[in-house]
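Letter by letter, the chains look like this.
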Amino acid sequence: MNSNLPKDQEFLLPAQGWFIALTLFVAILLNWLPWSGWGLILKPDFVALILLYWCTHKPYRVGIGIAWFVGIIADVADATLFGQHALAYTVLAFGGTVLHRRVQMFDLRQQTMQVFPLLLISYFIYAAIHWQMRDIWVWSYFLGSFVSAALWIPLTILLQTLRRPRSDPNEL
Amino acid sequence: MDSTSSFQFFKRGPSAVVRLVFFVVLSLSLLFIDAHFKYLEAARTVVSVVLYPFQRLITLPGMAWENIGTYINTQGYLVKENTRLNEQHRVDQVRLNLLSVLQVENVELRNLLQVPQRVNYPMQTAEIMYVEHDVFKRKLFVNKGGQANVSRGQVVMDDIGIVGQVTRVYPWLSEVTLITDKDHAVPVQVLRNGIRSVVFGSGEANQLTLRYMPVSADIQIGDELVTSGIDGTYPPGLPVAKVVKIDRDPAYPFARIVCMPIAGVDHNHYLLIVSGLPELPPLPDPEPVDAGKTKIIKKPQTP
Numbered sequence: 050m051n052s053n054l055p056k057d058q059e060f061l062l063p064a065q066g067w068f069i070a071l072t073l074f075v076a077i078l079l080n081w082l083p084w085s086g087w088g089l090i091l092k093p094d095f096v097a098l099i100l101l102y103w104c105t106h107k108p109y110r111v112g113i114g115i116a117w118f119v120g121i122i123a124d125v126a127d128a129t130l131f132g133q134h135a136l137a138y139t140v141l142a143f144g145g146t147v148l149h150r151r152v153q154m155f156d157l158r159q160q161t162m163q164v165f166p167l168l169l170i171s172y173f174i175y176a177a178i179h180w181q182m183r184d185i186w187v188w189s190y191f192l193g194s195f196v197s198a199a200l201w202i203p204l205t206i207l208l209q210t211l212r213r214p215r216s217d218p219n220e221l
Numbered sequence: 427m428d429s430t431s432s433f434q435f436f437k438r439g440p441s442a443v444v445r446l447v448f449f450v451v452l453s454l455s456l457l458f459i460d461a462h463f464k465y466l467e468a469a470r471t472v473v474s475v476v477l478y479p480f481q482r483l484i485t486l487p488g489m490a491w492e493n494i495g496t497y498i499n500t501q502g503y504l505v506k507e508n509t510r511l512n513e514q515h516r517v518d519q520v521r522l523n524l525l526s527v528l529q530v531e532n533v534e535l536r537n538l539l540q541v542p543q544r545v546n547y548p549m550q551t552a553e554i555m556y557v558e559h560d561v562f563k564r565k566l567f568v569n570k571g572g573q574a575n576v577s578r579g580q581v582v583m584d585d586i587g588i589v590g591q592v593t594r595v596y597p598w599l600s601e602v603t604l605i606t607d608k609d610h611a612v613p614v615q616v617l618r619n620g621i622r623s624v625v626f627g628s629g630e631a632n633q634l635t636l637r638y639m640p641v642s643a644d645i646q647i648g649d650e651l652v653t654s655g656i657d658g659t660y661p662p663g664l665p666v667a668k669v670v671k672i673d674r675d676p677a678y679p680f681a682r683i684v685c686m687p688i689a690g691v692d693h694n695h696y697l698l699i700v701s702g703l704p705e706l707p708p709l710p711d712p713e714p715v716d717a718g719k720t721k722i723i724k725k726p727q728t729p
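Line by line, the protein sequences are chains H and E. Residues 50 to 221 (the numbering used here) make up the first sequence, in order. Residues 427 to 729 (the numbering used here) make up the second sequence, in order.
Since the hints were derived computationally from the structure, they do not count as laboratory data. Among the clues, some could well be false.
Label pairs and their computed distance ranges (CB to CB) [stated by the list, open to error]: (1) H:M182 - E:E507: 24 to 34 Å; (2) E:F448 - H:I170: 47 to 57 Å; (3) H:M182 - E:L511: 51 to 61 Å; (4) H:G86 - E:L504: 22 to 32 Å; (5) H:Q153 - E:L504: 55 to 65 Å.
Derived lysine to aspartate or glutamate pairs resembling DMTMM-like cross-links, with alpha carbons at most 25 Å apart [unchecked claim]: (6) E:K563 - H:D127; (7) E:K671 - E:E650; (8) E:K464 - H:D156; (9) E:K563 - E:E492; (10) E:K506 - E:E492; (11) E:K668 - E:D644; (12) E:K565 - E:E553; (13) E:K671 - E:E553; (14) H:K92 - E:E492.
Treat the numbers as computed from the prediction; the structure is a model and nothing was measured. Heads up, the beta-carbon is just placed ideally off N, CA and C, and yes, glycines get one too.
Chain H with its partners taken away, still in its complex shape (with noise of 0.2 Å):
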């Protein structure tokens, strides 16, 4: 494993589209977990994760189109409103986008840093839908935020891990 890459080349990582998918796909299936208790009070958003990372690393193959359409996956699966998570969803994908640049300057914790504003955004939107509609507001929810942030290292570490090719025997 070459794990001494320099920092601005671990972005330039090749990512194939169903690997993009793939994770995608897991995140919108850890998201459905029957949670329950504090398990879901501090259930993190998986799938804004992931957005955000791909947003972050690969702005150009995965944006605001794609983090709505999951968006609409998502409030299908959570039987929410049509186009609540897809409207979060839409803002974090567009703040990732806006932010790639600097997100890449910096190490993981202050790419954390950059990060949890965005997700409590999106969480902001998301609760805000919610006010709006139903007049509830939870600010318990939030929670869920500080934990998602708290998530962006290790899985940050893990999909740059898996997206690492394989160790080149020929390579010096």
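Please arrange chain E on chain H, whose structure you already have, making use of the hints.
Coordinates of chain E only, in the frame set by chain H:
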């Protein structure tokens, strides 16, 4: 940022802001439509049908986990319940045993109650207190003694037949020698033909022997022996034993006849002590042989 937006070397489609606005408007309109009209239910249904298998798929591990949890819970619960039931069963077993013992006792007592109607002697019920520990003796102690007017020589029986005889009386206890005690003799009669004999205890728990019966004596297996009442100790007509084995060996002068006591000699809890037997006139003093001769000689002298 400015350079990329002003000069696009590669075609990348509309800018991010345009896309954002487009999709935000799309989302908001969807939200509005969905919240206020029901047009999108069909679309939702279609998408959810497509998604349903995946949703099921993702819940499978959870369900499996839950099932495992239930299984383990059930296992623990069952083990606990099993332990509890086992304990309960042990307690119930003891109670049930007690109950069956009481039932047997009840039957025994009922039978004993009926005996006085068949046998017209005053009787009193006694409970067995101790059984002789010595294997060579067939004796037991009952809880009626001198205070209850038990006296030596009284006959002890159960609801079927003779069990033994009171041989020693203490104030609150009395010792009963069973008919199976070694060499304990009971004068009997064969019920079938009236042959008189004496049945002796053999010292074994369930065996009596009929001694001094000639080989040719008319005794068959199954013959019932009842008390003859000849010596006045035992009331006549009470069942004592049944012949179970006859060994007629011509080499011996007497037949070996083995009988089994009819009464439950060694498995009762309550016994009857028969009292108030009619006193027989005292046995006349046996006259000495020579005195008899003189009597005979004297006889003509007496008027």
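Status of the hints after comparison with the structure:
At roughly 50 Å, the beta carbons of M182 (chain H) and E507 (chain E) sit outside the given window of 24 to 34 Å. For F448 (chain E) paired with I170 (chain H), a C-beta distance near 19 Å fails the hint of 47 to 57 Å. Here the CB-CB span from M182 (chain H) to L511 (chain E) is close to 55 Å, well matched to the stated 51 to 61 Å. At roughly 27 Å, the beta carbons of G86 (chain H) and L504 (chain E) sit within the given window of 22 to 32 Å.
Between Q153 (chain H) and L504 (chain E) the C-beta distance comes to about 59 Å, which sits within the given range of 55 to 65 Å. A C-alpha spacing of about 92 Å is found between K563 (chain E) and D127 (chain H), which places the hinted pair above 25 Å, so the restraint is violated. Note on K671 (chain E) and E650 (chain E): the hinted pairing holds, with a Cα-Cα distance of about 12 Å set against a maximum of 25 Å. The straight-line distance between the Cα atoms of K464 (chain E) and D156 (chain H) is roughly 47 Å, outside the 25 Å bound, and the hint therefore fails.
As the CA atoms of K563 (chain E) and E492 (chain E) are separated by approximately 71 Å, the hinted pair breaks the 25 Å bound. Restraint check for K506 (chain E) and E492 (chain E): satisfied, since their Cα atoms lie roughly 20 Å apart, inside the 25 Å limit. For the suggested pair K668 (chain E) and D644 (chain E), the alpha carbons sit about 14 Å apart, so the restraint of at most 25 Å is met. In summary, the hint linking K565 (chain E) to E553 (chain E) is supported, as the alpha carbons are separated by about 14 Å, within the 25 Å threshold.
A hinted pair counts as satisfied when its Cα atoms are at most 25 Å apart, and K671 (chain E) with E553 (chain E) does not qualify at roughly 32 Å. Only pairs whose Cα atoms come within 25 Å are accepted, and K92 (chain H) paired with E492 (chain E) is accepted, the gap being roughly 19 Å.
Checked against the numbered hints given earlier, this structure breaks hints 1, 2, 6, 8, 9, 13; the rest are met.
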